[in-house]
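J.: Here's the letter readout for the chains.
Protein chains: 4
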Amino acid sequence: MEHSACCGELRLDPDVREDARRRLLSIRGHIEGILRMLEKESVYCVDVLKQIKAVEGALDKVGGKVLQSHLREHVVNARERGDVDQIVAELMEVLKYR
Amino acid sequence: MEHSACCGELRLDPDVREDARRRLLSIRGHIEGILRMLEKESVYCVDVLKQIKAVEGALDKVGGKVLQSHLREHVVNARERGDVDQIVAELMEVLKYR
Amino acid sequence: MEHSACCGELRLDPDVREDARRRLLSIRGHIEGILRMLEKESVYCVDVLKQIKAVEGALDKVGGKVLQSHLREHVVNARERGDVDQIVAELMEVLKYR
Amino acid sequence: MEHSACCGELRLDPDVREDARRRLLSIRGHIEGILRMLEKESVYCVDVLKQIKAVEGALDKVGGKVLQSHLREHVVNARERGDVDQIVAELMEVLKYR
Numbered sequence: 033m034e035h036s037a038c039c040g041e042l043r044l045d046p047d048v049r050e051d052a053r054r055r056l057l058s059i060r061g062h063i064e065g066i067l068r069m070l071e072k073e074s075v076y077c078v079d080v081l082k083q084i085k086a087v088e089g090a091l092d093k094v095g096g097k098v099l100q101s102h103l104r105e106h107v108v109n110a111r112e113r114g115d116v117d118q119i120v121a122e123l124m125e126v127l128k129y130r
Numbered sequence: 033m034e035h036s037a038c039c040g041e042l043r044l045d046p047d048v049r050e051d052a053r054r055r056l057l058s059i060r061g062h063i064e065g066i067l068r069m070l071e072k073e074s075v076y077c078v079d080v081l082k083q084i085k086a087v088e089g090a091l092d093k094v095g096g097k098v099l100q101s102h103l104r105e106h107v108v109n110a111r112e113r114g115d116v117d118q119i120v121a122e123l124m125e126v127l128k129y130r
Numbered sequence: 033m034e035h036s037a038c039c040g041e042l043r044l045d046p047d048v049r050e051d052a053r054r055r056l057l058s059i060r061g062h063i064e065g066i067l068r069m070l071e072k073e074s075v076y077c078v079d080v081l082k083q084i085k086a087v088e089g090a091l092d093k094v095g096g097k098v099l100q101s102h103l104r105e106h107v108v109n110a111r112e113r114g115d116v117d118q119i120v121a122e123l124m125e126v127l128k129y130r
Numbered sequence: 033m034e035h036s037a038c039c040g041e042l043r044l045d046p047d048v049r050e051d052a053r054r055r056l057l058s059i060r061g062h063i064e065g066i067l068r069m070l071e072k073e074s075v076y077c078v079d080v081l082k083q084i085k086a087v088e089g090a091l092d093k094v095g096g097k098v099l100q101s102h103l104r105e106h107v108v109n110a111r112e113r114g115d116v117d118q119i120v121a122e123l124m125e126v127l128k129y130r
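As you go down the protein sequences, you meet chains A, B, C and D in turn.
When the letters of the first sequence are read in order and numbered with the numbering used here, they come out as residues 33 to 130.
When the letters of the second sequence are read in order and numbered with the numbering used here, they come out as residues 33 to 130.
When the letters of the third sequence are read in order and numbered with the numbering used here, they come out as residues 33 to 130.
When the letters of the fourth sequence are read in order and numbered with the numbering used here, they come out as residues 33 to 130.
FYI, nobody ran anything at the bench for these hints, they're computed from the structure.
Please read these numbers as outputs of a predicted model, since none were measured by experiment.
Treat the hints with care, since some could be wrong.
Remember, identical chains collapse to one label, so a pair may be satisfied in a single copy or spanning two.
[Said to hold, decoys possible] Heads up, simulated EDC-like pairs for lysine to aspartate or glutamate below, C-alpha to C-alpha not over 16 Å straight-line: (1) LYS82 with GLU64; (2) LYS72 with GLU41; (3) LYS93 with GLU50; (4) LYS97 with ASP45; (5) LYS93 with GLU125.
Just need the whole structure built from these sequences, with the hints factored in.
T.: Shown next, in the form of structure tokens:
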């Protein structure tokens with residue numbers, strides 16, 4: 033039922049894909065940093081919360097880049113392509129919360 | 033200037049710490065899954081966005097566990113301990129966004 | 033610099049506009065309810081916070097309706113219309129936070 | 033089942049209550065402004081979305097003030113008062129989403 037499954041034509045832009053990959057590598061490193069923090073018995077709750085928030089901010093940023101690319105490459109021409117219902121429904125789903 | 037630095041007494045509860053560690057290991061695995069998705073040329077934007085959202089949901093959950101433990105162990109007794117200003121300020125900071 | 037200023041052609045769908053109006057009237061009523069709560073000396077913080085959250089949920093719902101209509105009527109055909117840059121920029125701006 | 037019902041002792045600080053009332057009056061005015069916008073046939077979706085976002089920002093601000101007061105007056109001394117479970121549970125509930 034995925035759009036990608038139906039036509040195989042809508043692909044994440046290669047530059048954005050590479051940028052997202054690079055950012056997620058850095059986010060993985062950040063999470064490994066939190067994992068190391070959590071090995072210390074003396075770790076303080078609020079320090080963990082700050083790091084989690086920072087990772088969420090970084091994820092929001094990747095998401096924003098992918099979303100912008102999606103809007104620009106696949107949403108603004110959905111009428112021409114003829115898949116408005118699906119494009120709008122899946123976008124609303126993804127935007128629903130945060 | 034960290035609270036932890038000032039007194040060394042406020043520590044994340046060991047069980048919550050272990051639970052958070054376990055959850056973050058799973059989140060790291062999830063991110064590695066997204067990194068693998070991003071290696072495929074045909075990956076679709078919305079599929080990436082859904083996965084990012086799922087990771088953010090999982091991070092929110094870890095954050096919620098740590099926050100609840102912090103409230104229960106360190107915030108509800110701050111008046112007795114005498115560090116209300118700092119406890120409230122750092123909590124407001126952490127809750128500010130999302 | 034508003035889009036609306038540049039061409040006057042992009043308008044909120046009349047049915048969605050009427051629905052939004054109706055919902056915002058109800059939200060205004062909800063806020064008046066909170067104002068009445070706040071006149072009582074004995075009002076409890078958490079009861080106010082719950083009501084504020086409920087109003088934010090209702091506003092999210094109106095926003096979602098307007099956004100969906102905007103996507104469907106004005107975004108999916110931006111390529112044809114030739115204003116992709118502006119449509120995407122203003123959408124990213126509006127989606128940036130929450 | 034409300035905390036307020038059980039003891040009647042936990043009250044929103046009078047100054048914060050007055051500040052919240054003043055802010056909510058202004059928010060009501062803002063919503064009336066959006067209602068007037070929505071009477072115009074030519075209103076543009078994104079202009080409505082921006083105003084809704086602005087109102088949500090203002091509500092977040094009131095919520096933040098009330099929350100800070102609640103933390104400072106009622107949460108930091110919950111251990112002494114002996115209602116930790118209820119205080120933490122209702123706070124987690126209110127913080128759950130946004």
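J.: A separate judgement is required for each hint: does it hold in the structure or not?
T.: Checked hints:
{"no.": "1", "hint": "LYS82 with GLU64", "in the structure": "within (15 Å within a copy, 22 Å between copies)"}
{"no.": "2", "hint": "LYS72 with GLU41", "in the structure": "between (48 Å within a copy, 13 Å between copies)"}
{"no.": "3", "hint": "LYS93 with GLU50", "in the structure": "within (14 Å within a copy, 28 Å between copies)"}
{"no.": "4", "hint": "LYS97 with ASP45", "in the structure": "within (11 Å within a copy, 29 Å between copies)"}
{"no.": "5", "hint": "LYS93 with GLU125", "in the structure": "between (18 Å within a copy, 13 Å between copies)"}
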